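**Q** Okay, here's what each chain looks like letter by letter:
Number of protein chains: 4
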Amino acid sequence: MKYPPVHYHNYLDIEKLLNAQHPKSVEYQKPAHDELLFIIVHQTYELWFKQILFELDSVLKTFQQPQIEEEQMGRASARLERIVSILKLIIGQVDVLETMTPLDFLDFRDMLYPASGFQSFQWRLIETKLGLRVEDRLAYNQSPFYKSLMEDQQKEMNEVLNQQSLFDAVEKWLERTPFLQGENFNFWDTYKQAVNQMFQDDINTVNVNTRLNEEEKAKNVKGLQESLKTFDALFDEKAFNELRAQGHFRLSYKGLHAALLIQLYRDQPILQTPFRIIRALLDIDETMTTWRYRHALMAYRMLGQKIGTGGSSGHKYLADATSKHKIFTDFFNLTTFFIPRSKVPTLPKSISDRMSFHY
Amino acid sequence: MKYPPVHYHNYLDIEKLLNAQHPKSVEYQKPAHDELLFIIVHQTYELWFKQILFELDSVLKTFQQPQIEEEQMGRASARLERIVSILKLIIGQVDVLETMTPLDFLDFRDMLYPASGFQSFQWRLIETKLGLRVEDRLAYNQSPFYKSLMEDQQKEMNEVLNQQSLFDAVEKWLERTPFLQGENFNFWDTYKQAVNQMFQDDINTVNVNTRLNEEEKAKNVKGLQESLKTFDALFDEKAFNELRAQGHFRLSYKGLHAALLIQLYRDQPILQTPFRIIRALLDIDETMTTWRYRHALMAYRMLGQKIGTGGSSGHKYLADATSKHKIFTDFFNLTTFFIPRSKVPTLPKSISDRMSFHY
Amino acid sequence: MKYPPVHYHNYLDIEKLLNAQHPKSVEYQKPAHDELLFIIVHQTYELWFKQILFELDSVLKTFQQPQIEEEQMGRASARLERIVSILKLIIGQVDVLETMTPLDFLDFRDMLYPASGFQSFQWRLIETKLGLRVEDRLAYNQSPFYKSLMEDQQKEMNEVLNQQSLFDAVEKWLERTPFLQGENFNFWDTYKQAVNQMFQDDINTVNVNTRLNEEEKAKNVKGLQESLKTFDALFDEKAFNELRAQGHFRLSYKGLHAALLIQLYRDQPILQTPFRIIRALLDIDETMTTWRYRHALMAYRMLGQKIGTGGSSGHKYLADATSKHKIFTDFFNLTTFFIPRSKVPTLPKSISDRMSFHY
Amino acid sequence: MKYPPVHYHNYLDIEKLLNAQHPKSVEYQKPAHDELLFIIVHQTYELWFKQILFELDSVLKTFQQPQIEEEQMGRASARLERIVSILKLIIGQVDVLETMTPLDFLDFRDMLYPASGFQSFQWRLIETKLGLRVEDRLAYNQSPFYKSLMEDQQKEMNEVLNQQSLFDAVEKWLERTPFLQGENFNFWDTYKQAVNQMFQDDINTVNVNTRLNEEEKAKNVKGLQESLKTFDALFDEKAFNELRAQGHFRLSYKGLHAALLIQLYRDQPILQTPFRIIRALLDIDETMTTWRYRHALMAYRMLGQKIGTGGSSGHKYLADATSKHKIFTDFFNLTTFFIPRSKVPTLPKSISDRMSFHY
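Protein chains in written order, with my numbering: chain A, 430 to 788; chain B, 430 to 788; chain C, 430 to 788; chain D, 430 to 788.
Treat the hints as calculated values from the structure; they're not laboratory data. These numbers come from a predicted model, not from an experiment. There's no promise every hint is true.
One copy or two, either will do: identical chains are not told apart, so a pair holds if it fits within one copy or between any two.
Claimed, not checked - As a list, the in silico PhoX-like pairs of lysine-lysine whose alpha-carbon atoms are at most 20 Å apart:
#, residue 1, residue 2
1, K479, K445
2, K621, K658
3, K459, K431
4, K658, K601
5, K431, K778
6, K490, K601
7, K601, K683
8, K755, K646
9, K431, K651
10, K658, K648
11, K601, K431
12, K621, K683
13, K755, K745
Model the full structure from these sequences, guided by the hints.
**A** Below, the structure written as structure tokens:
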């Protein structure tokens with residue numbers, strides 16, 4: 430009674446919604462039954478993209494603050510997880526689209542030229558806001574990806590490209606992590622020591638292993654020493670920055686350390702929600718990648734080796750973009766530098782106390 | 430080049446699509462973050478309902494013909510299966526909606542009163558076109574279901590209620606099945622005989638079973654005789670019509686026989702696609718039922734025992750409607766009258782020949 | 430090298446695993462193709478049940494401690510969420526089982542009598558350990574549910590029935606929540622006041638509403654007063670305990686308050702993980718309910734109105750048990766007592782401080 | 430009563446089933462909670478693989494017959510579709526496995542060395558029976574894939590490698606399609622003509638298009654002529670066989686024609702089920718590919734750039750194998766040679782008659 434009554438039909442603007450399907454095959458008087466499905470699948474994608482952008486913008490706003498209130502973390506984590514949930518749903522839409530056979534698609538495919546999912550402004554915005562940069566993208570028809578957008582969209586995209594992305598904001602947030610160094614504690618030194626100890630133990634184990642002959646021992650020890658070397662990237666800031674300049678890492682040295690700390694000590698009360706946030710970012714990346722892959726497979730099935738409606742070399746482009754367009758690759762690669770929990774150094778009480786509640 | 434070039438953005442009328450979300454909480458200047466999700470979930474539902482109706486109408490048109498070309502059967506079956514595929518997808522949308530918590534919903538729930546999914550015209554159309562009649566529906570607020578629709582929708586609904594539904598058309602199609610009776614073959618008599626034989630065998634098995642004492646034997650024989658009696662509904666047209674008048678069956682006597690024939694002899698080439706069609710109708714019914722059930726559970730979780738926004742007693746109404754609104758119940762019940770394949774009478778060659786190809 | 434090498438085949442004991450399928454139809458020399466599917470679906474169910482029990486036991490152990498370390502909460506929440514993830518997966522197994530048609534099932538159904546999913550010890554254990562009591566269960570063939578288990582299983586079940594369930598342990602944990610009452614703060618009094626204020630505001634809004642005539646005003650006011658009355662259960666311990674004795678609530682008065690506190694103030698750092706735990710318990714209940722429902726629908730489809738192999742009245746029993754066997758019903762009903770966030774009292778700084786980190 | 434009574438617990442051999450989990454971490458007295466999940470996920474995979482193999486063997490047996498009864502086609506199609514349904518389910522198991530974090534995996538990863546999914550005999554059997562040949566596989570550690578199997582498994586694998594695969598049997602079945610050439614009809618000539626006509630029409634459309642200048646016209650015409658050239662592979666048996674020798678095609682010239690005929694005329698009664706069979710084979714390939722891809726992504730997430738437990742270069746190998754191990758690639762590529770239905774030649778009545786029923 431506090432608000433004027435409202436009818437479902439008007440509230441959802443269903444009139445407008447159901448009047449937004451304009452099959453070309455009907456316009457050209459060669460009605461193709463499956464064109465409506467094609468339109469509706471893509472329209473529901475775009476509606477979900479709008480929702481994803483809405484959640485993304487709200488999380489971005491949270492992370493762009495100079496300091497993030499702990500109260501906001503639960504909400505940020507829930508919204509990122511909602512994005513994952515939406516992405517999982519829309520992967521399932523490929524199943525529905527595939528009830529359209531290639532022959533059905535041919536009935537109207539020519540009429541859409543050169544329209545293509547490649548021109549989806551919202552999908553490009555999602556990628557960009559998450560942190561995909563122009564230079565990260567697979568080249569396509571020798572021109573930057575935004576050239577296929579409408580003119581005013583290109584302008585907006587260029588603005589967004591110049592704004593802080595979620596990747597950037599998360600990096601800044603990580604760098605601010607207060608626990609990397611305490612009075613009597615330096616996470617990094619402690620971790621380095623633990624890693625060295627672990628490899629030394631492994632080498633000793635090899636050397637006293639009676640099942641191995643001398644040659645095998647030498648080979649194994651060499652392998653372990655090489656593995657240890659891969660940790661140099663982590664422990665030597667200069668080496669790291671060189672690798673970063675070459676594109677092996679994107680995250681800053683300090684940001685990477687903080688991400689490692691969160692992963693290794695995720696059970697500490699104050700790190701429980703940050704851990705969920707990193708996991709959700711990994712999930713978003715993985716789910717988007719899976720969506721791209723299923724999309725590529727579907728395109729292959731629908732078009733064979735024909736050129737995609739957008740002029741791309743079709744499924745080949747899609748398949749290659751699949752893994753190249755991952756954004757939080759550092760979080761995937763970070764795993765390389767994990768050590769078993771039993772080897773992870775125990776936090777000094779002064780630090781773990783600061784990570785807990787005191788009520 | 431045959432057609433003027435088209436851009437994805439215009440083709441999908443994305444401008445209109447993305448301008449159809451009007452959160453009340455924004456209008457009333459108390460922005461509630463989750464209202465957009467609520468709107469988008471329901472809008473994607475409605476887009477999918479449009480697609481389901483489109484497929485349904487095309488199948489309906491096929492089945493409303495006085496005779497159906499065999500060439501059209503594969504397509505009809507594929508379109509019904511597409512509906513199943515869409516229904517499975519939108520069941521998954523409940524997972525996304527449930528990322529909104531009850532507390533989030535409360536932020537804008539009052540503003541929507543009395544809007545409710547109960548007012549979805551398209552969902553009601555789907556049910557009605559499939560064959561749900563006014564009298565099949567659970568009473569709701571003491572007035573017929575269509576009273577909650579917009580006025581012009583009520584008019585259209587009343588027209589549709591007077592048209593042949595898919596249930597009706599399928600029934601007519603079943604009744605025309607040519608194999609129920611051949612020159613030297615009467616499916617019904619043969620089946621009746623097989624059923625009687627099967628029960629007689631079972632009774633004999635009980636009587637010679639040395640593991641049973643006399644009392645147990647008597648009890649078992651009695652049970653078998655009662656089971657046999659349930660088949661009377663099938664074999665005695667008069668008894669059947671009485672049960673039908675009482676609402677135990679909806680399908681006609683002849684239609685039911687044909688459905689049984691198709692199920693039992695589904696491997697015959699000419700029955701392969703009809704079998705798939707019956708299966709798809711069962712799947713549609715089962716999936717719609719599941720969707721209603723998940724919807725009821727979600728409503729319970731979202732509202733507790735509060736009254737639903739549409740004024741219904743909320744989740745209780747939804748839960749009760751779940752199974753009552755099934756349409757092809759006869760196809761479910763038919764299973765009661767199946768006998769094991771080893772007991773199913775072999776078709777005479779003259780009949781099975783007519784069910785096959787001759788190239 | 431630290432451990433002897435192991436082969437995938439031995440590690441997973443695949444020999445044993447793949448030798449545990451014994452189709453009766455093969456034993457009786459009437460091979461029915463689909464019996465293997467029937468066996469494998471149920472065996473994968475049982476493997477997943479073992480996993481669920483394993484997670485459940487570990488969470489139970491955590492919650493059975495007199496005091497729970499905050500570090501353990503993240504892990505408990507993750508394990509409950511894993512259970513949800515498994516339950517969602519096995520709901521999908523119904524799709525696979527339904528590729529078996531009723532006629533295929535008839536080929537071997539008689540050979541299994543009276544084996545039935547009703548006899549699954551592990552599923553019963555899951556329900557019991559979560560907190561389903563003998564008296565909560567739908568009566569079945571006039572004897573307690575455990576009578577259908579093997580003898581040694583009955584004994585174990587009776588022991589488990591006498592142990593603290595997760596429901597009980599969670600209730601105790603909730604009752605220990607330290608924030609219900611502080612020096613200058615009583616959550617309950619504050620909340621009661623907020624509820625009363627909200628209803629008073631609503632009544633005032635009605636009374637000054639010029640769109641309503643006197644009769645309508647009176648009707649609305651009466652409705653609001655009745656709604657307010659339902660909160661009495663919450664505010665009056667004696668009234669609550671009467672309702673609890675009648676079965677309307679299961680959770681203790683204090684436990685319910687704590688659950689409400691967690692829901693309303695879930696953004697407070699210390700409540701973020703508890704909120705996830707309550708949500709996971711709701712999810713488990715909802716997913717188990719959905720699984721039961723799909724199972725009931727499938728049974729209906731497979732058997733029609735025949736008696737289930739276990740002698741139950743088949744799908745009817747399953748459908749009725751579906752919602753009756755819910756365990757954390759109080760958490761569902763709690764929603765009835767939520768008020769919009771804008772009306773929720775702000776926590777005094779002294780309290781919210783104690784709910785936060787101080788590093 | 431016809432058969433001795435049986436209990437669920439014994440029927441499913443649950444004793445054996447639940448005693449087949451042997452966590453190494455328990456054996457080595459360093460219990461790692463998540464190892465059980467790891468074992469159970471893989472064991473359910475293997476159970477499902479057994480079911481897939483069972484269905485595959487039955488379909489293989491059908492297709493290996495010199496002539497296939499039409500009555501068997503419906504069943505073959507249903508069993509292939511069941512395989513798809515199982516594959517879709519087990520893709521979902523990746524979600525469950527990913528509730529184990531990389532750090533949890535590290536707790537027991539070393540204990541499993543060098544066990545690896547690469548050693549799954551049943552998965553390799555599925556691939557091989559479908560038609561994946563030794564030479565189709567991505568090289569792995571410089572030795573043939575079967576070297577990683579147990580010794581007796583290697584022997585069995587080599588036998589299976591020498592048997593007719595489903596690919597081979599389907600190819601033979603396609604080649605026997607009776608409608609490729611009738612008295613007054615040659616599918617191939619007619620199709621060739623239609624393709625040429627279509628391209629000629631397109632060229633004419635370009636030439637009279639006033640929106641294009643001469644340069645653009647020339648460019649477009651050239652493009653069309655090049656597209657037409659890709660059809661040469663189809664129309665010139667010698668050219669085709671050269672491409673086949675180079676690995677561009679695997680299916681025989683005649684087999685490919687038949688597959689095209691089935692796709693283009695799938696609505697003909699006799700082709701409805703064959704069309705479903707081809708579609709199911711595509712679905713199997715696509716779903717297996719998707720499963721491999723998700724598996725690769727998961728491995729990346731779990732291991733970073735570490736070497737996989739099986740000694741492979743981990744996720745890189747998996748990602749590369751993903752698309753390379755596709756089997757029915759020809760059916761995907763066939764789409765390249767589809768022409769729009771409006772251009773597909775109408776079948777002469779004598780042919781379409783033979784494709785229909787005559788009852």
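**Q** Now tell me, hint by hint, if it's right for this structure.
**A** A quick look at each hint next to the structure:
1. K479 x K445: For K479 and K445, both the intra-copy (17 Å) and inter-copy (13 Å) Cα distances are at most 20 Å.
2. K621 x K658: within (12 Å within a copy, 62 Å between copies)
3. K459 x K431: Result: close only across copies, 13 Å inter versus 51 Å intra.
4. K658 x K601: Intra 28 Å, inter 51 Å, cutoff 20 Å: neither.
5. K431 x K778: Neither, since 55 Å and 32 Å both go past 20 Å.
6. K490 x K601: within (13 Å within a copy, 39 Å between copies)
7. K601 x K683: within (9 Å within a copy, 43 Å between copies)
8. K755 x K646: This pair counts as neither: shortest intra-copy Cα distance 39 Å, inter-copy 40 Å.
9. K431 x K651: between (76 Å within a copy, 16 Å between copies)
10. K658 x K648: within (15 Å within a copy, 55 Å between copies)
11. K601 x K431: neither (44 Å within a copy, 40 Å between copies)
12. K621 x K683: within (15 Å within a copy, 49 Å between copies)
13. K755 x K745: both (17 Å within a copy, 15 Å between copies)
Hints 4, 5, 8 and 11, counting from the list given before, are not met by this structure.
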